[in-house]
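Residue numbers (the numbering used here), protein chains in the order written: chain A, 1 to 164; chain B, 1 to 768; chain C, 1 to 292.
These are computed hints drawn from the structure, not numbers from a lab. There's no promise every hint is true.
[Stated by the list, open to error] Subject to a maximum C-alpha distance of 30 Å in a straight line, what follows is the list of computed BS3-like cross-link-like pairs (lysine-lysine):
| hint | chain 1 | residue 1 | chain 2 | residue 2 |
| --- | --- | --- | --- | --- |
| 1 | C | K53 | A | K119 |
| 2 | C | K156 | B | K678 |
| 3 | B | K678 | B | K58 |
| 4 | C | K54 | C | K44 |
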Amino acid sequence: MSRRKHVTATINGESIEFLCEPRQSLLEVLRDLLHLTGTKEGCNDGNCGACSVIMNGILVDSCCVLGVEAEGSEIETVEGLAKGDKLHPLQKAFLEHTGLQCGICTPGFLMAAKALLDKYPRPDEMQIRHWLAGNLCRCTGYDKLIRCVTIAADSMTEAQHEQS
Amino acid sequence: MNNPEPAAREFRVLGTRPVRPDGFDKVLGRALFPDDFYLPNMIHGRFLRSPHAHARIKAIDTSAAETLPGVRAVVTGADFPHIDNVMVSKGTAGMVNIGDIAANCIARDKVLYDGHAVAGVAADNPHIAEEAVNLIRVEYELLPPVMDVRGAMAADAPVIHEDSLPGAFIALTKKYLPNASRLQLGSGDLEKGFAEADVILEREFTSSTIHQGYIESHVTTVNWDASDHITVWTATQGPFNLRYHLAEVLLLPVANISVVPMEIGGAFGGKERMYLEPVAAMLSKKSGRPVKVALRRDEVLRATGPSSGTYVKVKMGARKDGTLVAADLHLAYEAGAYPGGPIFLGAIASTSRYNIPNIQINGFDVIVNKPTMRPYRAPGAAQSVFAVEQIIDELAHELNMDLIDFRMKNLTKSGDLLVAGFPCLPIDTVAMMEAVKAHPHYSAPLTGKNQGRGLAYTMWFGLGEASSAQISVNPDGSVQVLTGSPDLSGTRMTFAMQAAEALGIDVEHVTASVGGTEAIGFALPTVGSRTTYATGAVICEVAQEVLKQMSARVALLWETAPELVTVNNGVFRNKEDPDLSMSYSEMCEKLFETGGPITVHMTRSPQSFIPGIAVHLVDVEVDPETGKVDILRYTAFQDVGKAVHPDYVAGQMQGATVQGIGMALNEGYFYDAEGHLKNTSLLDYRMPTTLDVPMIETVILESPNPSHPFGVRGCGEHSIIPPAAAIANAIHDAVGVRMNSMPMAPHKVCAAIKAKQTASNRRLRGQT
Amino acid sequence: MHDFDYCAPTSLQEAMDAMAARQGSASLLAGGTDLIVMMRARRKRPDLLIDVKKIPELSQLHIDEAGLTIGASVNCRTVFENEQIAERYPGLTDSARLIGGIQIQGRASIGGNLCNAAPSADTIPTLIAYGAVANVASRNAARQVPVAEFCLAPGKTVLEQNDILVNIFVPAPPARSGSRFLRFIPRNEMDIAVANAAAFVELDEAGQTFRSARIAIGAVAPTPLFVAEAGAALAGKPVNDESILAAARIARNAARPIDDMRGTVEHRLQLIETLSKRALVDAVRRARGEAI
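In isolation and in its complexed conformation, chain A is listed as follows (with noise of 0.2 Å):
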C-alpha cells in the first residue's frame, strides 16, 4: 500500500491520474485500473507485440513499461484511434480487407502502423514489414494485413492531398 505512486498521465488526449503499484506494468495499468482493455497481453516479456502504445510518439510494448514510467507521459492506446465513429483508415481498411481473423493482435497491429504511417507516409511493403517484425499475427499469415497498411497508407495520403 505504501509504495503505490500516484501518477499522472495523458491518454488519447485526456488528462488521468491514477495510483499504481511499482511493479504493475503501463500493460496492466491500462487493462485492470483504466479499464482500457483494447490493448492486449499476448507474451507478457516484449515478445509479440500484442501490447504496443504509442508512449510520447515512440511505439513501445506496454509489457515493458512500468506504469509509474508513465509520469508525464502521452500515451495512445487503440481506443483513441476512432475520432467518435468515424474510424481511423487503418481500422476501417483491416475491416473492409480482411486484415484481421481472430482480433488478438489487431490493437497492437493497428497501433504499430499508426506509429509506422506517423512517421512515414508511404512506406513499401519492405518497410511496412520491418516496422511491423516486432508484432505476431498467427491467424492472418500476415499477406492481407500489410496490403491493409498499404491501403490505409494511400487513403490517408489520397484524404491529406485532397485537404490541401
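Given chain A, put chains B and C in place with the hints provided.
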C-alpha cells in the same frame, strides 16, 4: 428451398465479401476476449507447477501460502474427487479418458511433465497469487524421464503409467508396449508389392514437438455459486465438451454447468480441451468469489496441448512407369503424458491421396514426459506428409518424371477405397493437378544461385458430426442465426451468408451469434474444418424449415393449400395464380397475425471425412554458409468446394501456410536431458514474423461437396500440411540435400550441406 | 512480480545516494526491456528500481571531432535514427537497429545492453571494434573502462555495488575507415544472436591495404570477445579475399561456443568465420566510401 444443383449454381450471397459486423468491435479494441471480462468481487488464480518431468509427489505444504495476506483459497489434487479411468465416448470422434483429463488439470500422486499443475492459489491480485504460489513447498521423489518416442518404446524404458488405457483421437488403438499403443491400417500384400517395384526407397524422419502458438493465452473466469451451479466465461472451441468434462471431473450434473463462450484470440485446436476450469472452479468454491485464472506464456508452452514430435520410417516402391506399388510406414507419434494423440489422423493423412495397392501402416501413440498432445490444425498430418512427399519427390526424380505427372499416375479419385476403410467422397483431384501445372509459378525460371523449387500435395478429411443451429425471423424482417459453434476467424459472417443465401434474402438482414450452452443445442467443437461446412449445412436445413413455415403462413393468408405456395429469392408465389405474390418483408410484417415470430432449431450430424486437397509450390534460396533458408515465392492451391467468403478462405490458406512454414523452419520444443522445456518464451519458440514470409498467393478451386447444399467443403486446416514437405523439396532442388528432420533449422541445413560435401570429397578422392 | 520501490532521480548525485542507501539491493532502470522481463521471471529481485532516464548526463547524445558520447540511457532508436551516427559510426547503427523489433528499440538502451553483459549482446562487439570506452561514476571517483574489458561473465561486469555507467565514448574514427556489425539469427528479426561479429578497418590512402583492423565476436564465449590477433593479422596486408579469410579463421579459432537451444558448437564456429569475413568485406566497402 433455394438450391438447385450446386455445380450449376449462381449464388447471390456466397462469393461476395461483406464486412463482418463483429469486426468493428475487434478493430476498436472493444471485443470481449476472456481476459477483458471482469466480475465484481472477482479474485485471481495462479498455478504451482512441477519443475520436474517425472516424479512422485510425496508431500505438499501450502501453509505459508494460505497465510499470506490477500490469499483467499488454495487447492491441490487432494481437493478433487478421485476419478479413475473413465472412458467417455465422443461419438465418431473417439473416446476420452476423464481420469486422464482430471489428472492433467491437477496432479494427484505423480507429475508427468515439466509444468504439470500441482496446486492453485486465488488471491486479491495476480501478483499476490504468484507470490503465494512461490511459498508452497512440494517434496518430490524424482523418476527417470522419457523424452522421445524411440526411448519410450525401448525395452528398458521407464514406465510412465502403471496402467493406462489406450485412446487415440478417433480410431481405436490397442495397448502394445508399456508406453505405447498401436493401430494398424492396411491392405494388400506388402511382399508381393515390393517384389513388383523397380525402385524402392526407405527413409527415416524426425520432427520436434510444436505448439499452435495462438497469441492469446488461456484465460477463464469461473463462478461456483451457492446452489452448486457453475458458470464459466472463457475462450473455448468446444463449450459443450468443456461442460461435459467439467461435470465429469467435479462429479456435478451437466445441467449445473453453464459455459459462456467469449471471443477467442486464436486456437487452432489448442483450446478444445480443458486445462484451467477444475482448479478455477474449486478456488471459486473455496473462496466464495468468482475466480479468473490466466496462464503466463511460459505456462502455455509448458502445460497446454502441443502437437506431437515424431519418428517416421517409410519404405515405398514404384514401377518405372511411376506407379506406386507398395508402402510400409512406421509412424511413432508422441501422445504426451496421457494416451490419445493424433496418430490415427497422421496415419490416414500420410498416404490417402495416393492409390497404393499394397500398404501397411503401423501407427504408435507413445507416452512421454511431455504435456498431452492435442490437435493442431490437421493434427498429425504435416509430420507424416513431410516424410511421404519427400519420398514421392525422390521417386519422381529417380524415375525422371515430372512432379505432377508422377502424382497423376497415382491419384486417389472419387470412390477409391481409402486406407481408413471407406471410399473417398467426391473431389476432383485431377483438376487440382492440372491447375498447378498450368500456373505460371510452376514453370517460372529461377534466377539466382542456390535457389530451388519444391512441391507438396495433401489430402485431408474434414469432420461433419453434430452441430446445432437456430434461426429466428422477426416481424421487421431481421433474422437471427444462433449456433453453438465458436467463431475463431469470421464464421459468424459465413453463417449469416449461408442463411441469407438459403432464405433468399440480403445478408444485411441477418445477424449471427454464438450461444452458450444454455441457449442452443449441442455442437461438437469448432475443429476439423467442420464449422462453415457442417454447421453451415445445418443452418441451410433450418432455413428450409423456416421457409416451409413461412410458406404455410402465406397459404393461410391466401386461404390456399400450403403445397401451392413456392418461394424463391425472397418472393412467395401461388402456383395456381401467377399474379399472386408476397415479398419476404411483407410476410414478416404479418408474422404476428399468423402465429407470431418463427423460430426453428435443429441438431444434425452432417457427413464426416469430407476430402479436401491442397498443393503448395514454394521457391527458396539457401545460404550454404549459414544454412539460412529464405522463402522467395509461395503459391497455395486449395479446393474448398465453394468459397463462401473468398477473402476469408484465402486468409485461412495464408494463415495455415505460415504456420506450416514456422514448423518447417524454426519451431520446435527444446528439452534438456532432465526433461525441462528450455524455450518457454516466444523469443525462443520461434514463430514467423512479417519479415520471414513473402506474400502468399492463393488459388481457390471449387469442386462442389455434395454433402453440403451449396457445395461447401471445410477449408481451415489443409494448408498447414504441405509447407514443410514443399520447402524440404525446394531445399533439395536448391542445394541437393535431403532434410529429414523438422524443423529444418539453419544448423541442420549447414550440417547436411557439409555432410554432402564431405561425402562427395570422399568420392572424388576415391576416384583418384 | 515481487514488490519493490521506485524512484526517478533528476541528478547523478541523487541516484548515487539512493544506490548507496540500499547497499546493493537497488537496480538501475533504463529501457527496462531486459530488467523488467528478468524481474518478472524472478531472476532479479531488487527492492528499489532507480529510473535513470531523467538524469541529464545519462540521456545526452553528443558528437564532435573527438568522438561520440552516448548517455547510458539513450535508446537504440534514437541512435539509429541519428543521421550523423549513421554516417560516421555505421557499425553502431547496424547494431542499434537489430535489437528486438521497433518496440524494443524504442526503449532498450545501448548502456543497458552493455551492463546486461549478455554474451550475445548486439552492441558490445561493435563498441569493442570501435575501441569505445565506458565512463563509470561512483561516489568516490569516476573511472574509464575500455568496453573490451567491461564484461567479465554472462550478466557480470566490472561495475561494483555503487557504480553507475554514465556514458559510452566512441572515439572518432580516422579517415578511410569503415565498420560493420553482422549477426546470425534463425528468423529475420526478434531473435537473440546465434553468433555475431563486428569489424572495424582502417585502410591506406589508396584503399588497397589494411592499416589496422579490430574484430570482435559474440555469442561464442562467456563474454563478447575482442580477437586482437585477427585484426593484427590484417595490418599491412592487401585488401583481398585471402587476407580477409585468414583473419576470419583466426576469429573462428578464438571462439569457444557451446551447444544450447540457440545453436550448436559446429554451426557457431562456421558462423563466426562467415560473419567475420562478411563484416570485413562490408567494412572495407564502407571504408572506401560505399553505402551499404
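Evaluation of the provided hints:
no.	hint	result
1	K53/C <-> K119/A	24 Å, holds
2	K156/C <-> K678/B	22 Å, holds
3	K678/B <-> K58/B	26 Å, holds
4	K54/C <-> K44/C	23 Å, holds
Of the numbered hints given earlier, the model fails none.
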